[in-house]
Amino acid sequence: MEILLPILVGILFASGLYLILHRHFFKLILGIIIFGLATNLFLFVIGRLTRGNTAIIDDDVTIASEPFADPVPQALLLTAIVIGFGIQAFAIVLIKRVYQAFGTNDLDDLDKTDKIHEELLSEGNTQKYDQQD
Amino acid sequence: MLIIILAGLFLAFSAPLLYKWLGKYVYVPMALYPLAAFVYFSSYLTDVLGGQTIFAIHRWAPSLNINLHFYLDGLSLFFVLLVTGFGTLIMTYAGGYLKGDPLLGRFYMYLTLFMVAMTGVVLSGNIFCLFVFWEMTSLSSYLLIGYKHDKAGSRNSALQALLVTGGGGLALMGGLLLLGAVGQTYTISDLLNRGDLVTSHELYLPLMVLILIGAFTKSAQFPFHFWLPNAMAAPTPVSAYLHSATMVKAGIYLLARFTPVLGGTDAWQYTLMAVGGITTLLGALLAMQHTDLKAILAYTTISALGILVTMTGIGSEPALQAMLVFLLAHALYKGTLFLVAGNVDHATGTRELDQLRGLGRSMVPTGVAASLAALSMAGVLPFFGFIGKELLYEAALAATTFKALLFAVSFFSGMVFVAIAIVLGFKLFWQASSRPTPMLHTMSPALYLPPVIISSVGLLFGLFPAALVTPILRRAAEAMLGVEQLFELALWHGFNLVLGISMLTLLLGYGAYRYSNRLHTYAPRLNPLYKLGPQRIYELGLEGLLNGATKLTQKLQNGYLRSYIFIIISTFMVLVVWVLAQTGPVLDLSGRWQEIRNARLYELVLIVLLVPALLFLFRTRSRLTAIAILGMVGYSIALFYILFGAPDVAATQLLIETLTVVIFVLILHKLPEFRFLSSRIQKVKYMIVAGLFGCLMTYVTLLVKQYPLVSGLKAYYGENSYLQGYGRNMVNVILVDFRSLDTLGETTVLAVAAIGIYAMLKLKLDNEH
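First to last, the protein sequences are chains F and P.
For the record, in the first sequence the residue sitting at position 37 is 37 according to full-length UniProt numbering, with numbers rising by one throughout.
For the record, in the second sequence the residue sitting at position 526 is 526 according to full-length UniProt numbering, with numbers rising by one throughout.
By construction, these hints were calculated from the structure, which means they are not laboratory data.
Any given hint might turn out to be false.
Listed next, the in silico BS3-like pairs over lysine-lysine satisfying Cα-Cα at most 27 Å (straight line) [claimed, not checked]:
no., chain 1, residue 1, chain 2, residue 2
1, F, 96, P, 20
2, P, 683, F, 96
3, P, 762, P, 555
4, F, 96, P, 670
Every beta carbon over 10 Å from chain F, so not counted as near; a handful from chain P, in silico [as the list claims (entries may be wrong)]:
no., residue
5, 59
6, 316
7, 495
8, 641
Built from N, CA and C at the ideal position, the CB exists for glycine as well.
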């Protein structure tokens with residue numbers, strides 16, 4: 001599995017990115033979720049795998065004895081999963097609102113705010129502004 | 001000294017408030033401050049004249065060699081008295097000139113800020129301190145030029161001045177840092193003794209060029225001279241103060257200050273002489289062609305600055321003395337003439353030479369001041385300008401190289417100055433005219449007293465040079481030359497060659513004045529030539545920069561999420577591949593294929609299930625199917641967590657996955673239909689990028705796993721989870737005990753997201769009603 005899981009990580013990353021690059025809202029959400037899954041798994045895999053051993057100290061001892069799983073990546077993952085869920089939920093609701101407000105499901109229709117307005121830059125407008133003063 | 005600086009800053013920022021309280025009398029406190037500073041610094045006169053230098057060091061960031069380090073020697077004192085003395089009169093004048101202006105408080109704020117900055121520049125004893133104040137003068141100059149901010153011309157001029165002087169400031173910073181590194185000290189007084197070390201260093205040339213660029217931009221030297229005439233968009237007090245008497249001299253101050261460190265080499269000498277000479281000629285030529293009072297004054301200022309730079313470049317004792325004397329003389333007469341131009345503009349509403357006639361009748365004091373200043377400018381006995389001009393000629397004639405050229409340049413500019421002085425001091429005011437220009441406003445004492453005072457000072461200095469100016473100029477020259485100076489200034493040198501040349505200058509200047517009208521008709525023919533000048537290059541550069549920036553922004557920030565992601569991911573991939581190619585180790589898979597045999601069947605089944613599920617996800621048209629597949633992928637990954645010893649993670653993953661599916665299903669009917677929007681070509685492109693990215697991540701993951709994990713954390717938590725955290729589940733102990741603050745932060749993030757979601761669900765949009 002030491003070789004197969006990295007390949008799975010790559011597949012998940014590729015799928016997530018592929019979906020994110022699409023124009024449809026719904027695919028964007030799917031993409032974000034899968035990308036999150038990929039990231040989590042990536043963290044888990046590079047934190048080293050220990051098959052069958054958990055990060056729990058046995059009842060009869062006070063100090064964990066090898067082999068046991070590294071608890072640090074797990075703690076990290078827990079946090080990442082929960083935060084990821086926050087983002088997912090927010091994105092889902094946001095996209096629902098955008099769909100209601102603008103009536104579109106195409107990301108390419110939402111480019112108004114990022115476009116530089118040509119007329120603001122042109123010289124003619126500055127002069128007009130001066131005259132109004 | 002720090003107190004004076006800080007008090008100035010405080011006063012500057014309280015100026016708008018003072019204006020609100022005091023109304024038109026706001027000029028009283030504003031003029032009292034420079035007066036107080038003038039008196040304060042005058043109290044050091046005896047010490048400094050006695051040959052002392054005064055230090056005041058306040059620690060700022062000593063570990064970075066940045067200190068508020070003030071240093072008062074003859075040169076500093078000379079400049080600081082010039083700045084504060086002028087400041088007092090200008091502050092008073094501005095009160096009359098801008099009376100009733102609603103933004104007068106703001107104007108005083110900028111002007112005081114400038115004065116403080118300028119004082120700081122000439123007092124700084126530390127390179128960083130110098131640079132900070134230097135930049136402050138550029139900024140306040142920007143604000144003052146753009147004071148009439150409702151005019152596009154003012155704004156453009158202000159921006160131009162800022163870009164040119166600010167760009168120069170950047171070069172200066174580079175130069176100063178190099179200088180500090182080469183001289184191994186950032187304290188100017190220490191640097192002054194290390195001239196040999198610096199000039200023999202291999203970095204001498206670049207650092208000299210950078211510092212010179214800083215000085216040349218500030219002092220409007222060719223080819224950076226073009227911002228100064230445009231800066232005349234500022235109110236006249238500003239032109240008189242910043243752009244004639246003080247700020248443009250900061251570059252000269254810098255050159256003078258660093259003469260002991262950088263000077264004396266051929267490169268220094270020839271650069272300064274060449275640039276200064278060209279600027280002198282250019283300024284004089286252009287001054288003759290213009291008909292706007294302030295433009296004429298601006299170009300003669302450029303010319304005068306060119307002379308100062310040339311003299312600094314010659315670097316001999318007589319040249320540096322001449323430089324200091326001429327600097328003072330120029331500040332006095334040019335400051336006056338600017339104020340006179342301001343008065344004329346204020347009284348008649350125009351600055352065009354053609355429309356101004358016979359002003360003397362109604363503006364007697366202003367006219368007298370103009371004449372006094374003009375006589376000094378022309379270099380007539382017994383004015384201070386005469387001494388300045390004599391010394392210039394002497395220095396040029398005593399130069400060791402290019403004697404003839406230097407002399408010709410000084411002579412030509414002297415001639416032009418005479419012609420212009422006649423126009424300003426005589427033609428405007430006293431030439432008999434049947435139809436004098438009508439007056440719109442009368443003059444208040446605040447307007448005519450300052451020019452009268454400054455021009456009278458010019459006369460006084462001329463009459464008693466030995467008593468009034470020689471001592472301080474000696475010490476100032478000593479700061480540049482390093483040895484004690486004993487020269488005496490005298491009005492009368494007897495009948496000699498230089499006196500003859502002075503007379504010849506006057507005569508030829510008068511001739512030039514007679515022919516200046518004809519010049520005005522020919523001048524426009526040269527206009528096409530200016531299209532090739534530095535001004536044009538600046539405009540093209542600025543235009544190109546703006547257009548380029550717009551195009552780049554449109555290209556990069558085009559509003560399409562996918563292109564942003566595309567750029568981010570591509571950059572990431574390029575960087576990772578670059579790092580791996582540069583230094584990174586190579587993946588070694590030999591022997592690791594054996595590991596596949598260790599894989600359990602149920603693990604393989606999961607992977608085999610996942611891949612077709614993902615493929616199906618790309619193709620499905622049903623949203624419900626998509627959600628179901630998503631749930632399946634999530635659960636499969638949760639199973640991996642269980643298999644590899646992370647039950648807590650798996651539990652969380654299962655919970656979250658369930659919740660996501662539930663949310664999806666709940667609002668599914670409000671979500672948009674599935675549609676295929678992207679074209680086939682786009683999809684292929686996405687697939688390639690995504691595929692490459694996936695491969696890269698796999699490669700990186702495999703590479704990381706090739707090396708052993710070195711971490712003391714695992715052992716630490718293994719030992720301490722139960723003993724210190726009293727929990728057997730290490731993951732839980734980490735979350736709620738060791739790193740509980742992080743968990744609190746995480747909870748907060750979730751709460752914020754929840755509030756956001758709630759708000760969005762409750763939000764009522766206008767078009768929904």
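Problem - Hint numbers not upheld by this structure, sorted from lowest to highest - result: 1, 3, 8
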